[in-house]
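Asks: Taking the hints into account, I'd like the entire structure generated from these sequences.
Residue numbers (the numbering used here), protein chains in the order written: chain A, 220 to 547; chain Z, 220 to 547; chain G, 220 to 547; chain E, 220 to 547.
Take the hints with a grain of salt, since some may be wrong.
As the list claims (entries may be wrong) - Example chain A residues on the side facing chain E (calculated, C-beta under 8 Å, incomplete):
| id | residue |
| --- | --- |
| 1 | PRO281 |
| 2 | ASP312 |
| 3 | TYR342 |
| 4 | ALA501 |
| 5 | PRO512 |
Simulated from the structure, these hints should not be mistaken for laboratory data. Note that the Cβ used here is the ideal one computed from N, Cα and C, for glycine as well.
Number of protein chains: 4
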Amino acid sequence: MRAPWQFELRQMALPDSPPAGEVLVRVDVCGICGTDLSAAMKAKEWESFGHEVAGVIEQIGPSVQHLAVGRKVVLETSSFCGHCALCRNGRVDLCNKAPGFWGRPVMGFSERMLVPACCVVPYEGLSAEVASLAEPAGVSYDMVKTAAIALGDRVALIGPGPIALMAIPLLLRSGARQVVCIGHSHSGRRLEVARALGAEVVAVDGPLAERKELHRQFEHVLVTSPVDTVPSALDLLAYGGELTYIGIGTGSGMISFDANDFHFRKLQLRASFASPALYFPAVLEMLKAGIIPGERIISHQFGLPDLAAAMHLCRDDKEHVVKVVVKS
Amino acid sequence: MRAPWQFELRQMALPDSPPAGEVLVRVDVCGICGTDLSAAMKAKEWESFGHEVAGVIEQIGPSVQHLAVGRKVVLETSSFCGHCALCRNGRVDLCNKAPGFWGRPVMGFSERMLVPACCVVPYEGLSAEVASLAEPAGVSYDMVKTAAIALGDRVALIGPGPIALMAIPLLLRSGARQVVCIGHSHSGRRLEVARALGAEVVAVDGPLAERKELHRQFEHVLVTSPVDTVPSALDLLAYGGELTYIGIGTGSGMISFDANDFHFRKLQLRASFASPALYFPAVLEMLKAGIIPGERIISHQFGLPDLAAAMHLCRDDKEHVVKVVVKS
Amino acid sequence: MRAPWQFELRQMALPDSPPAGEVLVRVDVCGICGTDLSAAMKAKEWESFGHEVAGVIEQIGPSVQHLAVGRKVVLETSSFCGHCALCRNGRVDLCNKAPGFWGRPVMGFSERMLVPACCVVPYEGLSAEVASLAEPAGVSYDMVKTAAIALGDRVALIGPGPIALMAIPLLLRSGARQVVCIGHSHSGRRLEVARALGAEVVAVDGPLAERKELHRQFEHVLVTSPVDTVPSALDLLAYGGELTYIGIGTGSGMISFDANDFHFRKLQLRASFASPALYFPAVLEMLKAGIIPGERIISHQFGLPDLAAAMHLCRDDKEHVVKVVVKS
Amino acid sequence: MRAPWQFELRQMALPDSPPAGEVLVRVDVCGICGTDLSAAMKAKEWESFGHEVAGVIEQIGPSVQHLAVGRKVVLETSSFCGHCALCRNGRVDLCNKAPGFWGRPVMGFSERMLVPACCVVPYEGLSAEVASLAEPAGVSYDMVKTAAIALGDRVALIGPGPIALMAIPLLLRSGARQVVCIGHSHSGRRLEVARALGAEVVAVDGPLAERKELHRQFEHVLVTSPVDTVPSALDLLAYGGELTYIGIGTGSGMISFDANDFHFRKLQLRASFASPALYFPAVLEMLKAGIIPGERIISHQFGLPDLAAAMHLCRDDKEHVVKVVVKS
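Replies: Here's what the structure looks like:
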């Protein structure tokens, strides 16, 4: 891909066999993420992309012990290194030397890709389409874990994208007495899925500041829409409440709010960021058990030659798109 | 007191005997808090003030069971109600109906005051001067508890006032491997006390943005200086770090920072606010055990007639003042 | 009641008006608890009993501010005092001076009873029958909270009584990926309710030691059956697992297990004990929202004159009884 | 070594160069652990032993990326695998496939040993003697972490061995207001070190049941003496208290206690077990900072040829021995 919004499939060279510590994966399915959309509008050079991958191991490099050719696998974008002080102290979630495949010349929208062995997580008992949700579901999981819901809490969830939708059952499993999903009324199908997953749905097309009936009503607010929403979303928090967000701003990313008010209401602001990627076995179990209903999340499937069309659909059809996956 | 910076002692009427649920306390000592200074510059009408009180119960109103005349006590500014849904759910720390004495016509800089019985906490084994530190020490305690230090964390503490100084031993008891206290070089005595309490001391007179050697070095940053410091203090946090602050801004209180950077570094911002007041028995034990060395915190003592002079000293002598208490 | 298994309704004297700090409650409904059964077999003197009470306030004693005649209320058996050091430190859950009505001459199986005002929790929007479940549901809540389930954990729940059944939705809301309810096959209706509430059901009539397929499969085991079950229930725990129990032994209460094995498997044993009673507002909300489906839990209703028959049924009909409530 | 109490140094074969994923370490120092003493009394065949190792990397096998010849290192007995579902879910502390060097033909009391690369943790800035304390200090750390001390808790620590002694500063850093170290009066030097590290010391030579003044006084009890002590140590716990232990029984390991009393006092029993080994970077920092004063813990040093004498001393001189290390 390259900005503005150009896509091209190319023949790329891969080594005859994987180097030490790496494996060659045949890609079955790769999902399209919101990050892909913004990258496609900004990329200055041709770049590879795609990071929600389910595939099969085709070859294994030297010194890879715990994997076997033919295993179905999903891919962590970056993993923990296992060796740094943070890992050795048990805080693999903060590993600052996480190896991964982000930025490599061949990424997920491809037929085959090379990845570090530590990024590879075996799965079974799921279709490749649903398995490819492990990556974004892991992001949902990190967000819910960061939020630290207590039993009985009321939760507002702003921005009904796939990350938020998959967070709904996790929130309900994490103690939420009530999940209110807030989105623009044009996101018809997403709000419908939110409702089916157990959330109450509130369409908000104007400023949150005007929706007084929602103010001070929630122990937790989770924001997956652009960060510009964060300051007004603080109004929704009850005393002692906590806002968790994930994602980046549409513009500069700068946010402003009243720190005195934040103080007197004893609030918290927490960023979720799933790097290194964790929790894949946990979400794979939840996809298998139907706790996260993968089929409901995937709204469209395309073939790899139609990647450009898939990207267009994601950008343009807010009414019907939930999650689009691309099959190689 | 009244703005701008006027003080007057007056004869005020108190009832002959306390109403139901209230007690009459003879004030022994009342400490001066930073909040008092800013209030004294802003108050439009004559107002009573003083809320760091140690005294003795002189009279007890009807239906007060758990207290007795003659008991030495310290006062919570506001307590939990015990009856609301939050209290009944065990979250007394979030009680939103907290009764207190804030804003009453007679407060702590007085000879006698009426207070709700639920605000009264007995003590013994301490001087009244040191006991009067229970209120600000409870604030320190709430801040440290909100920060949730883990064993081995490095902590930066910005703004070496009494709240911060009393937080130092609590931080060292809460897991901090290192506490670096950051303050202006003109706060000579405060930095000296910080060092004596076990902190490393760094004088910073210019912008934190220029002190690159401090950036990304701390799992926790605690800010007790005006909130305007918060955005630049975020630079000090390591990946996954968390900033806790207490207090209010010198101006509007608005703060701005880059939410993208905050996201990619997986940061947290937490407000501490000690309302309702809790943890008095805990800090009284720590004052008694010398874990919080009360005598080191109190730098000056005045009599009630000299309240104005005491206030002037607090405002003007940043070099030598740590904590000033006023004896009635 | 008096052992062995004698019951009698008597005319008891109550004061003309409640003393200070107390209220007179007209009892609408009182549930029968397993504790009542064992007490009825052991009591040496005539004793009053009944502690799962929903009623209406008829009179209010002096100095009770936060309640009004005519309010529908449920009763905590014992509450926190609000004044001791533990309460003042925010640990009301550990209050060791909890006032209550246990052991008073008139308890819940009665028409009217006097209780300390602090034990009274208002409710609305529920039938008195369902509201009377607040007390045992609060016990379930304390047990689930003590267990501290993490998102994705597998939970075994041994002994399908009302406490366990009401814990099922709380466990599923607290992170449990799977709840396996284990009970004797003769508890037909209870196991049926367990299944309807979302648990998998396993009938075990012999020793747990022989059910190897259940061993090492659970991050959490919750035991509500007599404590004699605890040692063999430890076998069900995975490495690092944790067993929480509530209740007392049928005999001496002594349990024995291999502390070496417990060490090498890094296990934990935790007792739940809901004194002081907390979490009533939380469970009342959950009963209202249908998260805890009160109607499914109540299997039989009796009038107060039929209390003895109700007690017999509880003791004798394990096949059909879930929860029995008595209406005054 | 071989039971009963026989020791012999032997020439053992090592490969010319380490296999893939392994490193050859020249042993500088290896500490003697209590486990070594009991093993030496029970071993039926000749066995190698020693697991508290500090040394230097001499050779590196293929595919070991993150280590270099010449690095000073300490060794984890077993590490986490990095690949299993628990590791991928961030729970490396529960890894059930932990690779290690336990049971290999050459262990720590040797000149050179082969170990998996994942067990190797670099260090600098410490003597090899003090660095060899990282392993037992990691055990202390796991115990303190398992106990989950809250700020202000009172802690009783039973059995003043090196694990307990190194736990003292960690407990004081983790919130303990008071640490009372309880041991037999014949452990003179150990109790002296406990006192120097900030604990209060109580010599108890008879049954704990008779020391009523200690009963119900502690939020936490930590037991590092044989597990037979656990039942009577429960008496020391306050309501809601929690006992953490580490280690094994002198006999069968069976313990018995009253589960009714445990329930009514809402107690918890937690096992600490440091497998996989974690927290080495954390404790190395604490050894460097002097928070854990390594030199005070090491009471005796021997050369490898005198290993048998060192073992004798450990077993026989309870009066003077704290920690014995053996230099290769």
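Asks: So, for every hint listed, does it hold in this structure?
Replies: Hint check results:
For PRO281 (chain A), the interface hint holds, the least distance from its beta-carbon to any beta-carbon of chain E being 7 Å, beneath 8 Å. With a cut of 8 Å, the hint placing ASP312 (chain A) at the interface with chain E holds, because the nearest CB-to-CB distance is about 5 Å. Look at TYR342 (chain A): its Cβ only gets to about 11 Å from chain E, farther than 8 Å, so that hint breaks. Given hint, ALA501 (chain A) at the interface with chain E, holds; its Cβ is 5 Å from that chain's nearest Cβ, closer than 8 Å.
With a cut of 8 Å, the hint placing PRO512 (chain A) at the interface with chain E is violated, because the nearest CB-to-CB distance is about 21 Å.
Violated hints, listed in ascending order, are 3 and 5; each of the other numbered hints is respected by the structure.
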